[in-house]
Amino acid sequence: MIKGRSVALALLVTWLISSSLFSFAQESKIADLSGNAKAGKALYRRYCITCHGVHGDGAGENAPHVDPKPRDFTKATFKCRSTPSGDLPTDSDLYDTISRGIYNSAMPSWRPLTRQQRADLVAYIKTFSPRFHEEPPVASIVIPPEPPTSAESVKRGEALFQSLNCWSCHGKEGRANGPSALTLTDSKGYPILPFDFTKAPHFKCGETPRDVFKDLSTGLDGTPMPSFADSMKPDQIWDVVHYIQTFAESDRSFFHRAKSEGKLQ
Amino acid sequence: MSKYSFHIAAFVLLVVSVIMLCAAGRSAFIPAAGGTSVTGVVKFKGTAARPTRIDMSADPYCAKAHPSGATTEDVLTDANGDLENVVVFISDGLGTTTFPIPDEPAVMEQKGCQYKPHVLAMRAGQKLKVVNSDSTTHNIHPMPNNNREWNVSQPPGTPLEQVFAREEIAISVKCNIHPWMRSYIAVLKNPYFAITDKSGGFEIKDLSPGTYTLQAWHEKLGSKMQKITVGEGAPQSVEFVFQ
Numbered sequence: 117m118i119k120g121r122s123v124a125l126a127l128l129v130t131w132l133i134s135s136s137l138f139s140f141a142q143e144s145k146i147a148d149l150s151g152n153a154k155a156g157k158a159l160y161r162r163y164c165i166t167c168h169g170v171h172g173d174g175a176g177e178n179a180p181h182v183d184p185k186p187r188d189f190t191k192a193t194f195k196c197r198s199t200p201s202g203d204l205p206t207d208s209d210l211y212d213t214i215s216r217g218i219y220n221s222a223m224p225s226w227r228p229l230t231r232q233q234r235a236d237l238v239a240y241i242k243t244f245s246p247r248f249h250e251e252p253p254v255a256s257i258v259i260p261p262e263p264p265t266s267a268e269s270v271k272r273g274e275a276l277f278q279s280l281n282c283w284s285c286h287g288k289e290g291r292a293n294g295p296s297a298l299t300l301t302d303s304k305g306y307p308i309l310p311f312d313f314t315k316a317p318h319f320k321c322g323e324t325p326r327d328v329f330k331d332l333s334t335g336l337d338g339t340p341m342p343s344f345a346d347s348m349k350p351d352q353i354w355d356v357v358h359y360i361q362t363f364a365e366s367d368r369s370f371f372h373r374a375k376s377e378g379k380l381q
Numbered sequence: 002m003s004k005y006s007f008h009i010a011a012f013v014l015l016v017v018s019v020i021m022l023c024a025a026g027r028s029a030f031i032p033a034a035g036g037t038s039v040t041g042v043v044k045f046k047g048t049a050a051r052p053t054r055i056d057m058s059a060d061p062y063c064a065k066a067h068p069s070g071a072t073t074e075d076v077l078t079d080a081n082g083d084l085e086n087v088v089v090f091i092s093d094g095l096g097t098t099t100f101p102i103p104d105e106p107a108v109m110e111q112k113g114c115q116y117k118p119h120v121l122a123m124r125a126g127q128k129l130k131v132v133n134s135d136s137t138t139h140n141i142h143p144m145p146n147n148n149r150e151w152n153v154s155q156p157p158g159t160p161l162e163q164v165f166a167r168e169e170i171a172i173s174v175k176c177n178i179h180p181w182m183r184s185y186i187a188v189l190k191n192p193y194f195a196i197t198d199k200s201g202g203f204e205i206k207d208l209s210p211g212t213y214t215l216q217a218w219h220e221k222l223g224s225k226m227q228k229i230t231v232g233e234g235a236p237q238s239v240e241f242v243f244q
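Line order of the protein sequences matches chains V and Z. When we follow the numbering used here, the leftmost residue of the first sequence carries the number 117, and every step to the right adds one. When we follow the numbering used here, the leftmost residue of the second sequence carries the number 2, and every step to the right adds one.
In isolation and in its complexed conformation, chain Z is listed as follows:
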């Protein structure tokens, strides 16, 4: 045993303890209203697979809910290649700052045997309220990698609230009773996120000046990242292109 080994062990312990103390002492940070917005658009280049017809005949209630037929929602683009349902969020640059968790629950609705919204973004620790507006029983079965897995039956009108404790982009959710039903829940540790609308647009509000990594995640097309520098005042505009 070398005479330095005690010092080395002591140093390692000290470093570990300092890291743990720092982690414990993080302060809550309330995002400053009136910061800079990051806006932008997410595009898809190439030929997107057209939405296909879903066969809901296994449950007559579901089939009846869509007289003109329901279609898949996994890659939704318009004629200009604007991509819907992309989660855009700050994945780096906020350090160890923690943010207060909203009291309002995030809401996922089951309607016409499909999920509304198809892609939901919420905060780790925030309540998730699942609503069944259908007249048939669903089961809600998230399959997380970084959170605990649960699977709960929900007949019409039954309330359901759950929480995902840890960040995860994104948790796939299914209904085993109706195998075509699929949605994704992005669980984030900061409030700086948005989901692209029908025209591929997004806006992340109230960012303080600084350098951040902005990430865009799509269920089928994966992730893209870019560094952005946010200054005072003028909104930042960003474009992501998936292929």
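So that you can see chain V by itself, here it is in the shape it has in the complex:
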């Protein structure tokens, strides 16, 4: 009997240690911040639950009225990542999405929350999928410095836009009117539109040229947008970034900015 108790005690200790390891995985690290899942849960229940739902599955009470649909955190498939297609996002990727919000969706910017609160939310969101403690963290892709925009670079980008069939969805004029545009669905089967480049720089995953480089390299998981990391060299990705910018109609765009700064003839 005593032996049985000591075995049980040993098992109990092992179990407690392993469960504390799991709770470690529920934290988040964003630069100097450490997020806490418990604090994040309270914030989630106040700010996020109506769309993303109590179970984090994107089935909150507002979800039926929202298009595109709220993210289902249980799948751990995220559009905005700095990591290769299929991999988990970094904590900073999730933090950036919460901070930035997503254009053309119901997801607002959460900059009104403190940095600590946003880090806490990241920690809590990670608890919805076991992948965050099953899979080791993945490093962000390396984005080389942007070469200067030039007419040649734009021209090379245009050729790639043709040969890589970007136009099939985004359209030859970048207006999201390619032949396949209306057939697209997200991975839950909901219709989804390709990005209309005349709306640049209001990209879903950030406005800067580096963000657009990242989108092209990693793809937007859960959507029809694939990763081009293996199909283009970094210089070529920059060429496509430069070409895409020429579609923008807003004078806030890099293209127009570059033009006004005399960098582009």
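Note that these hints are calculated values from the structure, not bench results. A portion of the hints provided could be inaccurate.
Partial list, derived from the structure: chain Z residues whose beta carbon lies under 8 Å from chain V [claimed, not checked]:
| no. | residue |
| --- | --- |
| 1 | Ser134 |
| 2 | Thr137 |
| 3 | Asn140 |
| 4 | Thr159 |
| 5 | Ile178 |
| 6 | Pro180 |
| 7 | Thr230 |
| 8 | Gly234 |
Taking lysine-lysine and the BS3-like style, the derived pairs with C-alpha atoms no more than 30 Å apart in a straight line are [what the hints assert, rightly or not]:
| no. | chain 1 | residue 1 | chain 2 | residue 2 |
| --- | --- | --- | --- | --- |
| 9 | V | Lys349 | Z | Lys128 |
| 10 | Z | Lys65 | V | Lys288 |
| 11 | V | Lys288 | V | Lys349 |
| 12 | Z | Lys206 | V | Lys304 |
| 13 | Z | Lys130 | Z | Lys46 |
| 14 | Z | Lys117 | V | Lys304 |
| 15 | Z | Lys221 | Z | Lys190 |
Calculated Cβ distances over 10 Å to all of chain V for the following chain Z residues [said to hold, decoys possible]:
| no. | residue |
| --- | --- |
| 16 | Asp60 |
| 17 | Pro156 |
| 18 | Phe194 |
| 19 | Lys206 |
| 20 | Asp207 |
| 21 | Ala235 |
None of these values were measured; they are calculated from a predicted model. Beta carbons: idealized from backbone N, C-alpha and C, even for Gly.
Since the structure of chain V is already known, use the hints to place chain Z on it.
Quick look at chain Z alone, frame taken from chain V:
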């Protein structure tokens, strides 16, 4: 708190630990060559929808690849009702045995803006090699429920290798650039599977004697199961009928 609660907790922990230990201690099992084969045929009863013409005009390269027109491949039957592209596999009866994963990759080819094969079966953990034999860019976008989702662009001649870690019957794969392109990848945890050929036939080789559940899966017609008992020697013959 009852004085038994400690014992109950200890017992539960013990059971959980034993299960975990058993799971960790599974041994690899190499299928015995010369075991019994299970052969059979999969039939479709009723009027199958005829393959329809695919409009590939959105990409001139694809349209040109099929001078006489390409047709859909979702339900393929011949005049006798033999059903092609059905995944037949052992879904139960092998216990917790694990099997070595082949070094050779499973290959999925994109040719004429269609997938070859239309239905592929492979092992969990086995390499999947995706080949683009076309002169146009495709993107390969599997949409799994039990594996991680990825989506990668593949211009002509670019190599691509990926792995599905977990069993899943079956993962639907599409090319978003060419919306008519669709294939299915069945990811299995044992080597006992086959895909029916043009005459609906299949053969699963080298099964040890025992009782198994044999399952047949079709992308449009769903799943059928039956219990089979495999003895020594004489091959077992099985028929599945979808409606």
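Do the hints match the structure? See the list:
Taking 8 Å as the C-beta cut-off, the interface hint given for Ser134 (chain Z) is violated, the closest approach to chain V being about 16 Å. Interface hint at Thr137 (chain Z): satisfied, since its Cβ lies 7 Å from the closest Cβ of chain V, which is below the 8 Å cut-off. At a threshold of 8 Å, the smallest CB-CB gap from Asn140 (chain Z) to chain V is about 4 Å, leaving the interface hint in force. A distance limit of 8 Å between C-beta atoms decides the matter here; for Thr159 (chain Z) the minimum to chain V is near 6 Å, and the interface restraint holds.
With its C-beta approaching chain V no nearer than about 4 Å, Ile178 (chain Z) sits inside the 8 Å limit, and its interface hint holds. Hint on Pro180 (chain Z) holds. Least Cβ distance to chain V is approximately 4 Å, under the 8 Å limit. Annotation: interface hint on Thr230 (chain Z) violated; nearest CB of chain V at approximately 38 Å, more than 8 Å. Given hint, Gly234 (chain Z) at the interface with chain V, is violated; its Cβ is 44 Å from that chain's nearest Cβ, farther than 8 Å.
Note on Lys349 (chain V) and Lys128 (chain Z): the hinted pairing holds, with a Cα-Cα distance of about 24 Å set against a maximum of 30 Å. Between Lys65 (chain Z) and Lys288 (chain V) the CA atoms are separated by roughly 21 Å; this keeps the pair inside 30 Å, and the hint holds. Using a Cα cut-off of 30 Å, the hinted pair Lys288 (chain V) and Lys349 (chain V) holds, with the two alpha carbons roughly 22 Å apart. With a CA separation close to 37 Å, the supplied pair Lys206 (chain Z) and Lys304 (chain V) exceeds the 30 Å bound.
About 35 Å separates the Cα atoms of Lys130 (chain Z) and Lys46 (chain Z), which puts this hinted pair outside 30 Å; it is violated. At roughly 25 Å between alpha-carbon atoms, Lys117 (chain Z) and Lys304 (chain V) fall within 30 Å of each other, so this suggested pair holds. A hinted pair counts as satisfied when its Cα atoms are at most 30 Å apart, and Lys221 (chain Z) with Lys190 (chain Z) qualifies at roughly 23 Å. Not every beta carbon of chain V lies more than 10 Å from that of Asp60 (chain Z), the smallest distance being close to 7 Å; the non-interface claim is violated.
Not every beta carbon of chain V lies more than 10 Å from that of Pro156 (chain Z), the smallest distance being close to 5 Å; the non-interface claim is violated. With a cut of 10 Å on Cβ distances, Phe194 (chain Z) stays outside the contact zone with chain V, its closest approach being about 24 Å. No Cβ of chain V approaches the Cβ of Lys206 (chain Z) within 10 Å, the least distance being about 33 Å, so the stated non-interface status holds. For Asp207 (chain Z), the non-interface assignment is confirmed: its Cβ lies about 33 Å from the closest Cβ of chain V, beyond the 10 Å cut-off.
For Ala235 (chain Z), the shortest C-beta to C-beta distance to chain V comes to about 45 Å, beyond the 10 Å cut-off, and the non-interface label holds.
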